[in-house]
Every structure is written in structure tokens, then in C-alpha cells.
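Dock chains B and C against the given chain A, drawing on the hints supplied.
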Amino acid sequence: MNWSKLQNVDRRVLYVILLVATSLGLFLPSRIPNDPEPAAKDLYALLMQLPEDKPVIIQSDWTNSTRGETMGHLEALCRILMSRRIKFVIYATADAQAGQVALNVIRQINEERKKAGLVTYREGVDYIYLGVFPNAEGAGQNMRNDIRKAWGTRQTKVDGQAGRVPVFDTAVLRNMRSVSDASLMVVITASATIDVAVQRLSDKVTMACMSTGVVAPSLLPFYQAGQLKGFAGGLRGAYDMEYMMAHGINYSPTPGQEPKVTAEKFGEIPPVPEGKSFERAARYFGTLHIALTLLILAVVMGNVGMFVAKKKAKGGNN
Amino acid sequence: MDYTLLKLFLGVVFTLLLYSVLYRENKAYRFAEHVFLGLAAGYTLVVVWRDILYVQWWQKMMGTVADGAAPAMPGYWVYAILLPIGLMGYTIFSKKNNWMSRIPIGIILGLWSGQQIQVWWNTYGPQILNSMRPVIPTTWESITRPITYTRGEGGIKVNLAPERVAEIQSNLYFTQALSNFIFVLTVVAAFSYFLFSFDLRGKFLNKFNTFGRWMLMIGFGAIFGSTVMARFALVIDRMSFIWQEFFGRLLTR
Amino acid sequence: MQYLDTGPFGILVTLMMVAFVLINIFRAKGSKGLYIRRIAGLNAIDDAIGRATEMGRPVLMVPGIGGLDAVSVQAINIFAQVTKTAAQFTTPIRLCCADAAVYTVAQEVIRDVYQKEGMSDRYDSTSVQFVSDRQFAFAAGVSGMILRDKAAATFFLGAFFAESLIFAETANAVGAIQVAGSTQTSQTPFFIAACDYVLIGDEFYAASAYLTREPVLVGSLVGQDWGKLAIICMILLGFVTMSAERLQITNEARVDDPDKGTSKIVSVAEATKDQFRERRKRASDTVVHRIFNPIRTEEALDIKREKDPNFVPPATNGAEGNGTEAAGGGA
Numbered sequence: 007m008n009w010s011k012l013q014n015v016d017r018r019v020l021y022v023i024l025l026v027a028t029s030l031g032l033f034l035p036s037r038i039p040n041d042p043e044p045a046a047k048d049l050y051a052l053l054m055q056l057p058e059d060k061p062v063i064i065q066s067d068w069t070n071s072t073r074g075e076t077m078g079h080l081e082a083l084c085r086i087l088m089s090r091r092i093k094f095v096i097y098a099t100a101d102a103q104a105g106q107v108a109l110n111v112i113r114q115i116n117e118e119r120k121k122a123g124l125v126t127y128r129e130g131v132d133y134i135y136l137g138v139f140p141n142a143e144g145a146g147q148n149m150r151n152d153i154r155k156a157w158g159t160r161q162t163k164v165d166g167q168a169g170r171v172p173v174f175d176t177a178v179l180r181n182m183r184s185v186s187d188a189s190l191m192v193v194i195t196a197s198a199t200i201d202v203a204v205q206r207l208s209d210k211v212t213m214a215c216m217s218t219g220v221v222a223p224s225l226l227p228f229y230q231a232g233q234l235k236g237f238a239g240g241l242r243g244a245y246d247m248e249y250m251m252a253h254g255i256n257y258s259p260t261p262g263q264e265p266k267v268t269a270e271k272f273g274e275i276p277p278v279p280e281g282k283s284f285e286r287a288a289r290y291f292g293t294l295h296i297a298l299t300l301l302i303l304a305v306v307m308g309n310v311g312m313f314v315a316k317k318k319a320k321g322g323n324n
Numbered sequence: 047m048d049y050t051l052l053k054l055f056l057g058v059v060f061t062l063l064l065y066s067v068l069y070r071e072n073k074a075y076r077f078a079e080h081v082f083l084g085l086a087a088g089y090t091l092v093v094v095w096r097d098i099l100y101v102q103w104w105q106k107m108m109g110t111v112a113d114g115a116a117p118a119m120p121g122y123w124v125y126a127i128l129l130p131i132g133l134m135g136y137t138i139f140s141k142k143n144n145w146m147s148r149i150p151i152g153i154i155l156g157l158w159s160g161q162q163i164q165v166w167w168n169t170y171g172p173q174i175l176n177s178m179r180p181v182i183p184t185t186w187e188s189i190t191r192p193i194t195y196t197r198g199e200g201g202i203k204v205n206l207a208p209e210r211v212a213e214i215q216s217n218l219y220f221t222q223a224l225s226n227f228i229f230v231l232t233v234v235a236a237f238s239y240f241l242f243s244f245d246l247r248g249k250f251l252n253k254f255n256t257f258g259r260w261m262l263m264i265g266f267g268a269i270f271g272s273t274v275m276a277r278f279a280l281v282i283d284r285m286s287f288i289w290q291e292f293f294g295r296l297l298t299r
Numbered sequence: 084m085q086y087l088d089t090g091p092f093g094i095l096v097t098l099m100m101v102a103f104v105l106i107n108i109f110r111a112k113g114s115k116g117l118y119i120r121r122i123a124g125l126n127a128i129d130d131a132i133g134r135a136t137e138m139g140r141p142v143l144m145v146p147g148i149g150g151l152d153a154v155s156v157q158a159i160n161i162f163a164q165v166t167k168t169a170a171q172f173t174t175p176i177r178l179c180c181a182d183a184a185v186y187t188v189a190q191e192v193i194r195d196v197y198q199k200e201g202m203s204d205r206y207d208s209t210s211v212q213f214v215s216d217r218q219f220a221f222a223a224g225v226s227g228m229i230l231r232d233k234a235a236a237t238f239f240l241g242a243f244f245a246e247s248l249i250f251a252e253t254a255n256a257v258g259a260i261q262v263a264g265s266t267q268t269s270q271t272p273f274f275i276a277a278c279d280y281v282l283i284g285d286e287f288y289a290a291s292a293y294l295t296r297e298p299v300l301v302g303s304l305v306g307q308d309w310g311k312l313a314i315i316c317m318i319l320l321g322f323v324t325m326s327a328e329r330l331q332i333t334n335e336a337r338v339d340d341p342d343k344g345t346s347k348i349v350s351v352a353e354a355t356k357d358q359f360r361e362r363r364k365r366a367s368d369t370v371v372h373r374i375f376n377p378i379r380t381e382e383a384l385d386i387k388r389e390k391d392p393n394f395v396p397p398a399t400n401g402a403e404g405n406g407t408e409a410a411g412g413g414a
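Chains as they are written, first to last, in this note's numbering: chain A, 7 to 324; chain B, 47 to 299; chain C, 84 to 414.
Check each hint, because a few of them may be wrong.
[To be verified] With a Cα cut of at most 25 Å, we get these calculated SDA-like pairs of lysine to any residue:
#: 1; chain 1: B; residue 1: Lys-106; chain 2: A; residue 2: Ala-156
#: 2; chain 1: A; residue 1: Lys-210; chain 2: C; residue 2: Arg-373
#: 3; chain 1: A; residue 1: Lys-316; chain 2: C; residue 2: Lys-233
#: 4; chain 1: A; residue 1: Lys-120; chain 2: A; residue 2: Glu-280
#: 5; chain 1: B; residue 1: Lys-203; chain 2: A; residue 2: Met-307
#: 6; chain 1: A; residue 1: Lys-11; chain 2: A; residue 2: Met-307
#: 7; chain 1: A; residue 1: Lys-271; chain 2: B; residue 2: Lys-106
#: 8; chain 1: C; residue 1: Lys-311; chain 2: C; residue 2: Lys-233
#: 9; chain 1: B; residue 1: Lys-253; chain 2: B; residue 2: Thr-232
#: 10; chain 1: C; residue 1: Lys-167; chain 2: C; residue 2: Tyr-186
#: 11; chain 1: A; residue 1: Lys-163; chain 2: B; residue 2: Trp-95
#: 12; chain 1: B; residue 1: Lys-253; chain 2: B; residue 2: Ser-238
[Said to hold, decoys possible] Residues of chain A placed beyond 12 Å of chain B at every Cβ, according to the derived structure:
#: 13; residue: Ala-51
#: 14; residue: Arg-91
#: 15; residue: Pro-279
#: 16; residue: Lys-317
[As the list claims (entries may be wrong)] Over 10 Å on every C-beta distance to chain A, these chain B residues come out as not near it, computed from the model:
#: 17; residue: Tyr-49
#: 18; residue: Leu-52
#: 19; residue: Val-59
#: 20; residue: Asp-97
#: 21; residue: Trp-123
#: 22; residue: Tyr-136
#: 23; residue: Met-146
#: 24; residue: Ile-149
#: 25; residue: Val-181
#: 26; residue: Gly-248
#: 27; residue: Met-261
#: 28; residue: Ser-272
No lab work stands behind these hints: they were computed from the structure.
Just so you know, even glycine gets a beta-carbon here, dropped at the ideal spot from N, CA and C.
Bound conformation, chain A alone (with noise of 0.2 Å):
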């Protein structure tokens, strides 16, 4: 075999075979088997655990760019949260194109759930977008200090009702008078957002993080001293979220049959009451899988093509 010709392919053939593979691979059945990260099933625990009478804040600092990964997170964050009736806040801090496109994804859901026939999401009344923050930092300090006036001059539409109301007069954060009063924080990030949320709120809310696979390695840290009380990382995380969605922790359909997902340190952890589990994240997993396969073929070949290469040089010096 002539290693040094595999050396040099044109890197657009290359491209090709990628977007080949990947298109195939979505064709391609994808329930593949999985056991969570700890560190998502501490995330999914701790949602399936809120109580039903305190909101929970989403800062969601994600575009259009790394759809492919906190898309599925966003989703799944909201699945959970509306079928536990569970009210929630939620605001960008990193891109003014950030809270379009979180709403979007809730619209969705809204519409996705009409469809099924399941109670939909009414902003003013379930929910609240409070808009855009010009920066990370400003944005949780003021947090920190006083909730009450970091918000204070945001308003909302109600569903159901003309003009704007002050978001402190909605149903979601009348009782807010700190940010201790939520029952939890998610950060959903493409980029170093969530460092500055845990520097200035983790010790004042319990904080979990959805992040781009970029950004997980950083969170490991977090998570381990505590500051952070689970999370999710990349697609892989997205497609954990989704398989306890399906399965719970430590439940099983009917008893005696082995749970498809066990954690030593939690109870029973039912699956989502209603609507969707296996979404997004189930439908690009197995692809992710053909991906890495031929990134390893790629590595395995260059290296021995680099080994055979290098071993001819020497030889031919001789």
C-alpha cells in the first residue's frame, strides 16, 4: 500500500467523505445504549427534584452557531421544566442574537406540545424573556447585590393582557426578593458565560450548566468543588439528558426489570411525565459515532503513513 499517497489526499475529498458520512449517518437508527455522565445525572436529578413553587433562572448565552449542540440542550431543559409546571425566567447575556433564538426554541416546544395536546407555556403567566444584558459581569454583580433592581426596570408582555407589565408584578417572580429565592440556575453556554455566573451567584443559587463540548472540559472543576451541581456537556450530554428523559434513574416499567439507567446515590428517578424524550440529540448521536470512527481511521492512517515516511527517509540517508 502506498501510505505516502494517502498522505497527500486532497483535504476536499476529505470533505466530501465527512458530509457524506454525516448525512448517511442521520438516516440511520439511533437509541444507542448509554450510560449518563455523573455529572448528568446530577443535572437531571436536580430538576426532577425542583419544587413546583419557585422559578428557576435560565441564562442562555448560545446562537445560531452552536446549534448542533445547545439547541438540544435548551430543549431539553424546557421539556423537563414544562412538564413539571415549573415557571421560569430566562435572559442572554453574551449575544443579542441569543434571546431570539431561546425564544424560538420555546415557541417550539409551545407548538410542539399544542399538538400533542398538552398545556403550552404562557409568557407573563409560565414564563418571562427579560430581554438582553450588555455584559456577564454587570449582569450577575447586579444580580448578586439586589435582583430587585437588576430586573427592576424589565417588563413583560402577559399573556392575555395589553401592554407591558413590570416583570416583578408577574406570577413567576412575585415572591423573588433575592436570588436566592430560585429554586435553581442554568446556564446554557458556548463560551466562558458560565465562569462569570459561578465567580458571582454560584454561592448564593444552586447553578448547573449545559454547555458546547468546547467549553465542558472547564466545568469539570467547577463541578468537582461543588460550585457547579451537575451539568451537561456537548452532544454527548444533550444525548444523556434525553435517554433519563426516557428512562429515569434507577426505574424500571415494571419491577424486577433492570433499571436502564442506575446512580448509587439517588432514588427513584421516574422518566418525564409527558411529551417528547428522544429528540434532537438522539437523531445526530449515532451519526457523532460514524464521525469520530473516521476522525480515529484518519489519525490511525496519517500516523502510520507519518511512521512509513519517516522510516524511508531514514533509510534513503543510509
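Quick look at chains B and C alone, frame taken from chain A:
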């Protein structure tokens, strides 16, 4: 007219135009890039006024009248001081006065540095505590931590007696102690790699430093893998957008 | 950060870190200069320029795509040193910027270097270029330049993101010696994979302090080193005491209430509802844990204020005053 389909169609067209750069740099790619940049800049301008300047600055300065459920609020003129400070940023375009643009940057950096001192402990305190891990096993009854339940008849899970569970939870088993030891060793070695004002003399210290570098490299390898996975997820999403979202909708219309 | 939140220890350590930096800045200003060890990546700078001179090809530098901040400025500081050496050998240079403000500063700095070396005539005003402020347009532009000019040595130092590998790969393809360093941990692995010498993490800051010898930079670096040493000592001390303490048996347990943010010490019997009288110490029972997480009792958080006997509640006013507060209280 199916507007969603039209929206998806435009998305597909622009995805393909942008991917055309993989073949080679071309005018179609440039066109798509400029449209993207123009849209992003225009959208940002609107959001900056609507979500940021208007609510956080203009309304606070000018005050508001009562509207429906929203009460009237008095304005506060002090907010006007922010305008000239912000505008100084634009002096960067003047060759003579561009020193002024450093004033707002200086103010922001000053505020930021002060906050960094304030949040330092919040960030690193818990992580320092987490690095102080016990490394001596408290029991040798088992090498690994035993599980806290058994399987009863028909595979049903039966928890151990509460006393036994409490004992297992309080104990530190050998494997746990070992992983704690590796953790502490790695933290200290990686730290020592980043000491610059000490001359590391002696075989031991140099070896320890090299060990720290090795550990960093292993960490970088993991980050590399995770980043590559993230990039693949983005390609897969684009392909799904074209085949499943657009063609899926087109065919089921 | 409030005293009640963190306890005295956190504030003490933070102040200690600040003091370390300040003390060392004064030391660096006063004495002959503080010691900084030489970093492997820096040794490569002279080799790389030497090679470029031999081959008669240019040296290419990129200070990342970040705005004008500490990272970009430090990168330009390093580039000033590179340019100084290059000027002495009359090796041509290219410096590509992605930010207008960085471009302005870089242009001034590089011109200054040539002037100081007394070689103003060798300064080429097109050697510092603004390419584009868009990430991938910049990546394409710089890659093109690397290919056309066949750069013999490249320096990528600063804040790089997804474009890092594009640069490194292109420069690798033309056989350039590459010295790189990114403050973004997620991009460092890509540089390690494709470059000859990489400045990892803090080495980037150390490099600029080493080359410029500016007292503030040198002092901050040495001060941070003291801080790092202090943390290493804390960790070593902590893991020894933690190991010893976890072997002990205790009859007192710490109970935390995460909802209220309070804690208290009770007997093990009370904490375990009379199941045990004593147990082995857990992590939360140790002294180290208590130092980092001070006990906040309910009494400490309950602030009692005496009512003002002369206080007359204001009359409520329809439109104003009963906005958010009244609505909030009414729920």
C-alpha cells in the same frame, strides 16, 4: 404561502453558499458572509437600543409615565454623565484625540479588576478546599467501596441496613484514597510547572516539573477530543438542517 | 464578598494575594530586577529569526483576534522584542491585526522599535497590516499571506479561537518554525499539535515579563508565584490534616441547611436520630472544611432592629409607591 418553508429554504441556500469555501474562496461565499455580517450588525443595533440602552439608561434618565400596570418613575439626570464617557470611545477614529478613547476602556478595566479581586475567593476557595483530599484509607476491609444494596429475589434491589450504609459512606477505601493521591499529586505538579521566579534545581524538582507537564499534556489531549466532538456536532446539525428539517418539511407538505 | 458569606479566611487569603502582587511590583521597581527563569519557547525565538535570515524569508506575527486588552498588549510587547532582533539582521517582518485599536498600537510600537535601533530607513510601513475584523476572513487573509510570502518563522501569540488550527496548519505546510501561545485553554491543544514551541497558559504572561522587564509585569508575575506557592503549601497542609482527621472518631456532626444557608453543630446522636453515638469524621466534620465554610447560625443571620418610636407610615399614593413592592408583598 408557507413562510416557514421559505425561511428554511433561505437557510439551506446560505448554508451551501458558506460551505462553498471548502472548495475554494469564491464570490458566492463572500456574498453570503457579507449578508450574514450585515444582518448580525443590524440586529445587534436594534437589541442594544431596545434591551440595553432604552431600559437600562434612557428610561432611568428620562423617567416614565404610568402605563397600564406599570407605575410612573421619576428620571434621574446623573445618568446623562455616562453619555460623554461612552462617546469618548469613538475618538479612536481621530489621530489627534485618540488618547481619549482609552478613558472608557480604563474605567471598564478598573471596574473589572476590582470585581476580580472581589470574586477571587468565590472562584478558587471551593476549588482549593476540594484539592485537600485525604489520602490514607480508613479501612482495609475492602479495596474498593462496596455497593450499598444487594439484589433480592427476582433481581429486586434491597438496600443494606442503614448502619452499614452510614459506615460505608463515612469510610475512605483504598481505591478512593489512591485516586485522591493522584489528584493531589497532579494539582501540585501542574502548579509547580507554572512557577517562573524560582530556579528549579535538583533532579527531583526537575522530574516533578516534567511530570506536571505530562499531566498538562494529557489534559490537553482530553480538551482536544472534546473540542473536535463539538465541531463535528456543528456539521451534523447543518446536515440535519438540510436533510431533515428542510427536505422533511418539503416532502410532508 | 461579604464577611458573613465567606468568613475571615477567604478575605485574608484574597488580601494576601493582592499584597503579594503589590509588594513585588515595588520590589521590581526598586532593586536590580527580580529573577525569572527562561522559558523554552523563548529560546526558540532567536533560532527562528536566525533561520528566517538565512533563508531570506519574512517573520510573520499575529497578536490574536481579541480587542485592545492586556493579552494583545503583552503579545505586542513580545513582538517588539522579535522585531528588534529581526531589525538587527534586516529580516523582513509581517504583523497582521484583526482589531483596529490593536493595529494602531502595533504600528506605533513597531515604528518605535526601528527608530530606537537607529534603523528608521529599514522600517516598511506596510509590514504592520490590518487584515479584517471578521474571524474567518482574517483567517483566510493571513493564511494567504503565509502561503504567498512563504514565511520562515511564525509567531501566534494572544487570544486565538477557532482559527488557531487554520494558521498553524498553513504555516506547517510551508515549513515555517512556529512559536505559539493562546490564553484560551481550549485552543492550546491545537497549537501543541501543529507548532514547534508552545507557550502554555501563564507562560505567555511570563514571556512578556521576561522580555520586557517592565516592573509592573515582572512584579505581578513574581507576586502570582508567591500566591501559587502559598496555595501549594495550603493544599499540602490541608491534605495532611484532612488525612489525619478522617481517621478520627467523633461524636459531633455538622448539619447544614442549604435552603436557609445556615449550619449548626449537633451531637451525632441527634444528627442520626439516635442511630449512632459516634462515627468516623466525614469531610464536612473536619477543621479544614470549617475554615473554608464558616458556620453561620440562624442567630447570626437574624438581625434585630429596634423600631423607631417616632416613625409615622407615609400615606399611600395611588399611582406611585405601591408599584412593585405592594404587588410583591400581596402575593
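Check your understanding: For the pair supplied as a hint, Lys-210(A) and Arg-373(C), is the alpha-carbon distance within the 25 Å limit?
Key -> holds, 18 Å
Practice item. With a cut-off of 25 Å on the C-alpha distance, tell me whether Lys-167(C) and Tyr-186(C) pass. Key: Between Lys-167(C) and Tyr-186(C) the Cα gap is close to 18 Å, so the pair holds against 25 Å.
Point to revise | Non-interface label on Leu-52(B), tested against every C-beta of chain A at 10 Å | key: Consistent with the label, Leu-52(B) stays out of reach of chain A, its closest Cβ about 16 Å off (over 10 Å).
Review point. Under the criterion that the straight-line Cα-Cα distance not exceed 25 Å, is the pair Lys-271(A), Lys-106(B) satisfied?
Key: Violated: Lys-271(A) and Lys-106(B) sit about 49 Å apart, past 25 Å.
Review point. Would the pair Lys-106(B) and Ala-156(A) pass a check requiring their Cα atoms to be no farther apart than 25 Å?
Key: Holds. Lys-106(B) to Ala-156(A) sits at ~12 Å (cutoff 25 Å).
Review point. Holds or violated: are the alpha carbons of Lys-11(A) and Met-307(A) at most 25 Å from each other?
Key: Holds, at roughly 11 Å.
Practice item. Evaluate the condition: distance from the CB of Met-146(B) to the nearest CB of chain A exceeds 10 Å. Key: Met-146(B) clear of chain A: closest Cβ-Cβ about 22 Å, beyond 10 Å.
**Study point:** Non-interface claim for Met-261(B), where every Cβ of chain A lies beyond 10 Å
**Key:** holds, 14 Å
Check your understanding: Is the straight-line distance between the alpha-carbon of Lys-163(A) and that of Trp-95(B) 25 Å or less?
Key -> Holds - the C-alpha atoms of Trp-95(B) and Lys-163(A) are around 18 Å apart, at most 25 Å.
**Study point:** Exclusion check [Ala-51(A) not at the chain B interface, CB over 12 Å]
**Key:** Consistent with the label, Ala-51(A) stays out of reach of chain B, its closest Cβ about 16 Å off (over 12 Å).
Check your understanding: Between Lys-203(B) and Met-307(A), is the straight-line Cα distance small enough, at 25 Å or below?
Key -> Cα-Cα ~47 Å, so violated.
Review point. Holds or violated: Lys-253(B) with Ser-238(B), Cα cutoff 25 Å?
Key: holds, 11 Å
Of the numbered hints given earlier, the model fails hints 5, 7, 8, 20, 28; all others are met.
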